[in-house]
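Participant: Chains as they are written, first to last, in numbering that gives the first Met the number 0: chain A, 0 to 279; chain B, 0 to 279.
Fair warning: there could be bad hints in the mix.
The list cannot tell twin chains apart, which means a pair is met if one copy fits it or any two copies do.
Unchecked claim - Below, simulated DSS-like cross-link-like pairs (lysine-lysine); rule was C-alpha separation at most 27 Å, straight line:
hint, residue 1, residue 2
1, Lys74, Lys40
2, Lys21, Lys69
3, Lys245, Lys74
4, Lys69, Lys276
5, Lys48, Lys276
6, Lys69, Lys279
7, Lys185, Lys279
8, Lys5, Lys95
9, Lys232, Lys40
10, Lys16, Lys95
11, Lys279, Lys245
12, Lys245, Lys5
Treat the hints as calculated values from the structure; they're not laboratory data.
Please read these numbers as outputs of a predicted model, since none were measured by experiment.
Protein chains: 2
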Amino acid sequence: MIIDGKKIAQEILLYLKDEVQKLDTKPTIAVIIVGQNPSSKIYVNLKQKKAIELGMNSIVIEMQKDTTQKELEDKIDELNQNPEINAILVQLPLPKHLDTYKIIEKIDPIKDVDGFHPQNVGRLSIGLEPYSTSCTPKGVIRLLDAYNIDIESKNIVIIGRSNIVGKPLASMLLARNATVTVAHSKTLNIRAITQRADIVIAAVGSAHLIDSDWIKDKAVVIDVGISKSPEGKLLGDVDFESVKDKASYITPVPGGVGPMTIAMLLENTLHLYNLQKEQK
Amino acid sequence: MIIDGKKIAQEILLYLKDEVQKLDTKPTIAVIIVGQNPSSKIYVNLKQKKAIELGMNSIVIEMQKDTTQKELEDKIDELNQNPEINAILVQLPLPKHLDTYKIIEKIDPIKDVDGFHPQNVGRLSIGLEPYSTSCTPKGVIRLLDAYNIDIESKNIVIIGRSNIVGKPLASMLLARNATVTVAHSKTLNIRAITQRADIVIAAVGSAHLIDSDWIKDKAVVIDVGISKSPEGKLLGDVDFESVKDKASYITPVPGGVGPMTIAMLLENTLHLYNLQKEQK
Numbered sequence: 000m001i002i003d004g005k006k007i008a009q010e011i012l013l014y015l016k017d018e019v020q021k022l023d024t025k026p027t028i029a030v031i032i033v034g035q036n037p038s039s040k041i042y043v044n045l046k047q048k049k050a051i052e053l054g055m056n057s058i059v060i061e062m063q064k065d066t067t068q069k070e071l072e073d074k075i076d077e078l079n080q081n082p083e084i085n086a087i088l089v090q091l092p093l094p095k096h097l098d099t100y101k102i103i104e105k106i107d108p109i110k111d112v113d114g115f116h117p118q119n120v121g122r123l124s125i126g127l128e129p130y131s132t133s134c135t136p137k138g139v140i141r142l143l144d145a146y147n148i149d150i151e152s153k154n155i156v157i158i159g160r161s162n163i164v165g166k167p168l169a170s171m172l173l174a175r176n177a178t179v180t181v182a183h184s185k186t187l188n189i190r191a192i193t194q195r196a197d198i199v200i201a202a203v204g205s206a207h208l209i210d211s212d213w214i215k216d217k218a219v220v221i222d223v224g225i226s227k228s229p230e231g232k233l234l235g236d237v238d239f240e241s242v243k244d245k246a247s248y249i250t251p252v253p254g255g256v257g258p259m260t261i262a263m264l265l266e267n268t269l270h271l272y273n274l275q276k277e278q279k
Numbered sequence: 000m001i002i003d004g005k006k007i008a009q010e011i012l013l014y015l016k017d018e019v020q021k022l023d024t025k026p027t028i029a030v031i032i033v034g035q036n037p038s039s040k041i042y043v044n045l046k047q048k049k050a051i052e053l054g055m056n057s058i059v060i061e062m063q064k065d066t067t068q069k070e071l072e073d074k075i076d077e078l079n080q081n082p083e084i085n086a087i088l089v090q091l092p093l094p095k096h097l098d099t100y101k102i103i104e105k106i107d108p109i110k111d112v113d114g115f116h117p118q119n120v121g122r123l124s125i126g127l128e129p130y131s132t133s134c135t136p137k138g139v140i141r142l143l144d145a146y147n148i149d150i151e152s153k154n155i156v157i158i159g160r161s162n163i164v165g166k167p168l169a170s171m172l173l174a175r176n177a178t179v180t181v182a183h184s185k186t187l188n189i190r191a192i193t194q195r196a197d198i199v200i201a202a203v204g205s206a207h208l209i210d211s212d213w214i215k216d217k218a219v220v221i222d223v224g225i226s227k228s229p230e231g232k233l234l235g236d237v238d239f240e241s242v243k244d245k246a247s248y249i250t251p252v253p254g255g256v257g258p259m260t261i262a263m264l265l266e267n268t269l270h271l272y273n274l275q276k277e278q279k
């Protein structure tokens, strides 16, 4: 069965649009983009377009690629202090001369729409509700729930240990009582590990790494990876054609996890808006 | 081979004592204990005794068991602001009417000697150096290193997912390139999982849960669990007699991980002292 992320995301966006219409002011997300990375520009434009469709405000702040650490931190301070800004997103990757971690730590945790601030990551880990949680892992779990796929007591193998996907996803799944294994580039005999998993979640960014040999019969396969073929086609970590008949559920690329990420981003924006309102 | 935690801890304490003697002022740890839990009192006394042996200051603050949330938070604020206090430890468990998480979040992260503050937990997770890290997991890794037991690419199964041991240990081992599985009370067929592990780390608190059937030949077995027999004897999670001939390395209880925890606590105290000095 193919998991239709596009459809689930659409339902969430419609719900959010309704919720936003009930508000007396518009939730506002500020997106900072440094330099001219073409993929980043595409993502930022897409986020802005969707935010506006929902009736939110979206402000895009374009900064030169030679922006200094201090200039970027000052900009974040300014946004932190501006009560009209509810959510701050710094589009990654940043140019190499900038310290990404320090930038993220500069964002007020209550405006950290990506859930990357250590305060939010730490709260997620210890089971205290964070202001927001990382969008892609949150989207993965929402997909599993939408299709009533059990998480509790399942053996789940996450391939990839990034701060954006693998690690927060491990925290979230553990909190949902899964038995979680995190595998990665230094894992030996990785297939022997994924073959035992009830659910395999691939978040590596290596095109078509995973074929049907990697999974057991009826496994659930979630594909978070995105890479591009030389012809510019979007490719997942999973060889969909090879795996689709063996898996019980599988997400396609595109149209699987991708659309959920942006839906979760806008859900986080609304959530932060509400939290800030409560605090006033 | 039996891992001698007592000996390794002793070496660390001797090293710390030397380092403390070189300082012009004494690192100071403040330990707050609320109520009269007898085990807590024993632990607090032990920590104080060891700190003083190393030439540190140790202040124990005893508060009534009906202390309010506000009184405890105010006390922490006072310690946060006192420049003579380098490290703050709130002895757990707290009486039920107090919100442990909120108390921990109140501690200034640079004085959080247990590494429990979300900021420190989050930094550990994302690979940014925390001010301090949880003592027991740090002690476990130090033991593995002391015996030159490889961590990279090993399949490591942690049993138990507490905020104090299981979760931070998973972060640390993942950062050391292990393939990490976290199992717990909701894990099914747990023996099938531990039987495949190169290293099994038990942190459950269930006396002699693990016997030789749980582990593969030559596995490394680390026992973090502590419970008490009806006669008051300290028991680990591992049935030592059953496992010792099958394992390649094993920690005893007592004399394994326990002594390391307190050594790491005092190492953290010195580290926080040095960090605070640098910031002045």
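Participant: 27 Å Cα cut-off: does Lys185 pair with Lys279 within a copy, between copies, both or neither?
Facilitator: This pair counts as neither: shortest intra-copy Cα distance 48 Å, inter-copy 41 Å.
Participant: Can you tell me if Lys16 and Lys95 fall within 27 Å by alpha carbon in one copy, between copies, both or neither?
Facilitator: neither (37 Å within a copy, 42 Å between copies)
Participant: For Lys69 and Lys276, with the copy left unspecified, which applies at a CA distance of at most 27 Å: within, between, both, or neither?
Facilitator: Between. Shortest inter-copy distance 25 Å satisfies the 27 Å Cα cut-off; intra-copy 30 Å does not.
Participant: Between copies, within a copy, both or neither: which fits Lys48 and Lys276 at Cα up to 27 Å?
Facilitator: Within. Shortest intra-copy distance 24 Å satisfies the 27 Å Cα cut-off; inter-copy 49 Å does not.
Participant: What label fits Lys21 with Lys69 when the C-alpha limit is 27 Å: within, between, both, or neither?
Facilitator: Cα proximity of Lys21 and Lys69: none, with 39 Å in one copy and 37 Å across.
Participant: With identical chains treated as interchangeable, where does the CA-CA distance between Lys69 and Lys279 reach 27 Å or less: within a copy, between copies, both, or neither?
Facilitator: between (30 Å within a copy, 22 Å between copies)
Participant: At most 27 Å between CA atoms: does that hold for Lys279 and Lys245 within a copy, between copies, both, or neither?
Facilitator: neither (53 Å within a copy, 61 Å between copies)
Participant: Since the copies are identical, ignore which copy is meant and state whether Lys5 and Lys95 lie within 27 Å (CA to CA) inside a copy, between copies, both or neither.
Facilitator: Intra 33 Å, inter 45 Å, cutoff 27 Å: neither.
Participant: Given identical chains, is Lys74 near Lys40, meaning Cα to Cα at most 27 Å, within a copy, between copies, both, or neither?
Facilitator: Answer is within; shortest intra-copy Cα gap is 19 Å, inter-copy 49 Å.
Participant: How do Lys245 and Lys74 come out at 27 Å by Cα distance, when the copy is not named: within, between, both, or neither?
Facilitator: Neither: 50 Å inside a copy, 60 Å across copies.
Participant: State whether the alpha carbon distance between Lys232 and Lys40 is at most 27 Å within one copy, between copies, both, or neither.
Facilitator: within (18 Å within a copy, 64 Å between copies)
Participant: 27 Å Cα cut-off: does Lys245 pair with Lys5 within a copy, between copies, both or neither?
Facilitator: within (22 Å within a copy, 52 Å between copies)
Violation of the numbered hints given earlier is confined to hints 2, 3, 7, 8, 10, 11; the remaining hints are satisfied by the structure.
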